[in-house]
Amino acid sequence: MNWEAFWLTARLAAIVSCALVLIGIPIAYWLTYSRWRWKFLVEAAIALPIVLPPTVLGFYVLVALGSRSPLGRWWESLTGHTLAFTFEGLVIGSLLYSLPFAVQPFASSFGSIDSKLLRASATLGDSPLQTFRRVVLPLSKAGLITGFTLSFAHTLGEFGVVLMVGGNIPGVTRTISIDIFDQVQNGQYSSANETALLLLVISFVLLSVVYGLNRRPWVVGPWK
Amino acid sequence: MKKVVAALATAPAMSSELEVRIRKRFPNPEGSFLLNVHFRALAGFTILFGASGAGKTTLLDCIAGLADPDEGRIAIGGEAAYDSDGKRNIAAWKRKIGYVLQDLALFPHLTAEQNVAYGLQRLSATERQSRSREMLNAFRIDHLRDRRPAQISGGERQRVALARALVTEPRTLLLDEPLAALDRPMKSQIIADLRKWNQHNRIPILFVTHSGEEVFALGEEVIVLEAGKIVAQGRPKDVMHAPRLETVAQLAGFENVFYATVVAVNENRGTMTCRIGKGPLELETPLVRSEPGSRLRVGIQAGDILLATESPRGLSARNVVAGTIQRLEQREGIVSAGVDCSGTEFDIHLTLAAREALKLAPGKKVWVVIKTHSCHLLRE
Numbered sequence: 001m002n003w004e005a006f007w008l009t010a011r012l013a014a015i016v017s018c019a020l021v022l023i024g025i026p027i028a029y030w031l032t033y034s035r036w037r038w039k040f041l042v043e044a045a046i047a048l049p050i051v052l053p054p055t056v057l058g059f060y061v062l063v064a065l066g067s068r069s070p071l072g073r074w075w076e077s078l079t080g081h082t083l084a085f086t087f088e089g090l091v092i093g094s095l096l097y098s099l100p101f102a103v104q105p106f107a108s109s110f111g112s113i114d115s116k117l118l119r120a121s122a123t124l125g126d127s128p129l130q131t132f133r134r135v136v137l138p139l140s141k142a143g144l145i146t147g148f149t150l151s152f153a154h155t156l157g158e159f160g161v162v163l164m165v166g167g168n169i170p171g172v173t174r175t176i177s178i179d180i181f182d183q184v185q186n187g188q189y190s191s192a193n194e195t196a197l198l199l200l201v202i203s204f205v206l207l208s209v210v211y212g213l214n215r216r217p218w219v220v221g222p223w224k
Numbered sequence: 001m002k003k004v005v006a007a008l009a010t011a012p013a014m015s016s017e018l019e020v021r022i023r024k025r026f027p028n029p030e031g032s033f034l035l036n037v038h039f040r041a042l043a044g045f046t047i048l049f050g051a052s053g054a055g056k057t058t059l060l061d062c063i064a065g066l067a068d069p070d071e072g073r074i075a076i077g078g079e080a081a082y083d084s085d086g087k088r089n090i091a092a093w094k095r096k097i098g099y100v101l102q103d104l105a106l107f108p109h110l111t112a113e114q115n116v117a118y119g120l121q122r123l124s125a126t127e128r129q130s131r132s133r134e135m136l137n138a139f140r141i142d143h144l145r146d147r148r149p150a151q152i153s154g155g156e157r158q159r160v161a162l163a164r165a166l167v168t169e170p171r172t173l174l175l176d177e178p179l180a181a182l183d184r185p186m187k188s189q190i191i192a193d194l195r196k197w198n199q200h201n202r203i204p205i206l207f208v209t210h211s212g213e214e215v216f217a218l219g220e221e222v223i224v225l226e227a228g229k230i231v232a233q234g235r236p237k238d239v240m241h242a243p244r245l246e247t248v249a250q251l252a253g254f255e256n257v258f259y260a261t262v263v264a265v266n267e268n269r270g271t272m273t274c275r276i277g278k279g280p281l282e283l284e285t286p287l288v289r290s291e292p293g294s295r296l297r298v299g300i301q302a303g304d305i306l307l308a309t310e311s312p313r314g315l316s317a318r319n320v321v322a323g324t325i326q327r328l329e330q331r332e333g334i335v336s337a338g339v340d341c342s343g344t345e346f347d348i349h350l351t352l353a354a355r356e357a358l359k360l361a362p363g364k365k366v367w368v369v370i371k372t373h374s375c376h377l378l379r380e
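Going down the list, the protein sequences come from chains A and B. With this note's numbering applied, the first sequence corresponds to residues 1 to 224, in that order. With this note's numbering applied, the second sequence corresponds to residues 1 to 380, in that order.
It should be emphasised that the hints constitute simulated quantities derived from the structure, not laboratory data. Hints are not guaranteed to be accurate.
Said to hold, decoys possible - Which stretches of chain B does chain A cover? Using the computed rule of at least three CB atoms under 8 angstroms from a CB of chain A, they are: (1) 60 to 66; (2) 96 to 103; (3) 162 to 170; (4) 255 to 266.
Unchecked claim - Here are the simulated lysine-lysine pairs, PhoX-like style, with alpha carbons at most 25 angstroms apart: (5) K116/A / K94/B; (6) K116/A / K96/B; (7) K196/B / K96/B; (8) K39/A / K116/A; (9) K371/B / K278/B; (10) K365/B / K278/B.
Beta carbons: idealized from backbone N, C-alpha and C, even for Gly.
Okay, chain A solo, but in the shape it has when bound (with noise of 0.2 angstroms):
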């Protein structure tokens, strides 16, 4: 069992579903209360991760962060190193391969508060910005647990963008699920089982939070 490698996941899963709650709350407000005509190519785009390959986003990524481009020119300047290979670079990478998993369920759950809630915050003196805070917020609790934990748990298990992005550095950008993959390339299967079983465990006890924050009463039969 490799705990350096599993630290530093759980680090880099932490920084990067907290990061995705202050990030994608701003987004889930616009994507739900937006009326702009081509909001649906933002909400394409923002899906992505769900279908694209690993390897293709942790492609763009590294290119995007690479010396060649603006962004990872501008990190140079200010780090003397670049993003690329590093531990930011990684949680950057994080947050656009998480990013979906986060604000579809904020999205989704502030969509479904209902507006008539809304419209008597407004009669009674509260600006948007204010209802979204006293009324939505609270009563968006379970999908802002289920992005955060969704986005936690698939951050956990990812393996094609961290490989792009971060090589396979010790201590760095080394995760589990490389971890996994090395030690199965090196023939020692007990320890890699070791390692999945974790993670499966894991993940089984994240995604359960998640059902059984959603779970509805009891649906009763047409019999009934």
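Following the hints, position chain B against chain A.
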């Protein structure tokens, strides 16, 4: 300082008149509708009466700022909240208009007290508490203050919604059928509480309903809305009791509505004789401009018809017809009698005491007495 106070005391109360003159095209299941209204509402209750789909809720939404009219002007106390000429459209949350929505829209995650205090964000915590407690008391829901909307009854929710809107001291109050789901005693109690509040807070209250009963219980002024237009406006007894339009009458709860043909016009007596249905029954009705042979409808309220067990004499009422009781049904405090008069059945409402005193029973022969002016004529 003293001078200022004296001036305030003697100055006429700040005008709180609500003026609405708007046009708005809005979608409707039967195609598109044009809401086109112009009215003023003074302090006190103004009833907005009409069938569903007449545009009542859209009108309230426009006044509250939740929907935009196509053009026109909405002003409260002379100050425009919306004016298409002046390019003015104040956001709903800045309008200070209380609005109790049809399904109340209480915040499910807040307690009754937190709901009531919701609109008092700008006040200090202590003032917020004292104001909302005061309002909870005035609406007799202080004991529920720590409960959530899901844990209280429908009538109590109604009170919370009213208190929540009133505590913000709005300049106008809009109520969209707030009492529709309540039973009668609960309704009249809430209305009494609301009236009491309105005596101290002289603001216009626009009250939407489609129940004729509520119109009489509440109204100082009633506006009848039909297909987006105002078709009648005035005091309830004038507007509702002398209906000139069929839908108004139907909505006002006429239990008896018959097709009729004008048989004779008695101009010297100010009456007409109308044959009911295919006859032979004929009734004397008020005179309206019409020719013999023209078709009308006659509406008579069940409570306006008298019953006699012997042929009455010396009556001013012009219509006395013999008939037979077909059925007697008791409904919450009244008796509804069905009386057949040569093929025309009247629905008549009596008190329980009257049934006892006259020993009424199905099959009994009776005389039906209807005043001329209890017969309301409705244009076909």
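Status of each hint after checking the structure:
1. 60 to 66: holds (count 3)
2. 96 to 103: With 6 residues closer than 8 angstroms to chain A, the region 96 to 103 of chain B meets the three-residue bar; holds.
3. 162 to 170: n = 3 at 8 angstroms, threshold three: holds.
4. 255 to 266: With 0 residues closer than 8 angstroms to chain A, the region 255 to 266 of chain B misses the three-residue bar; violated.
5. K116/A / K94/B: Status holds; Cα separation ~18 angstroms.
6. K116/A / K96/B: Roughly 17 angstroms separates the two Cα atoms, so the pair holds.
7. K196/B / K96/B: 21 angstroms, holds
8. K39/A / K116/A: 24 angstroms, holds
9. K371/B / K278/B: 21 angstroms, holds
10. K365/B / K278/B: The given pair, whose Cα atoms are some 22 angstroms apart, holds under the 25 angstroms limit.
Violated hints amount to a single one, hint 4; each of the other numbered hints is respected by the structure.
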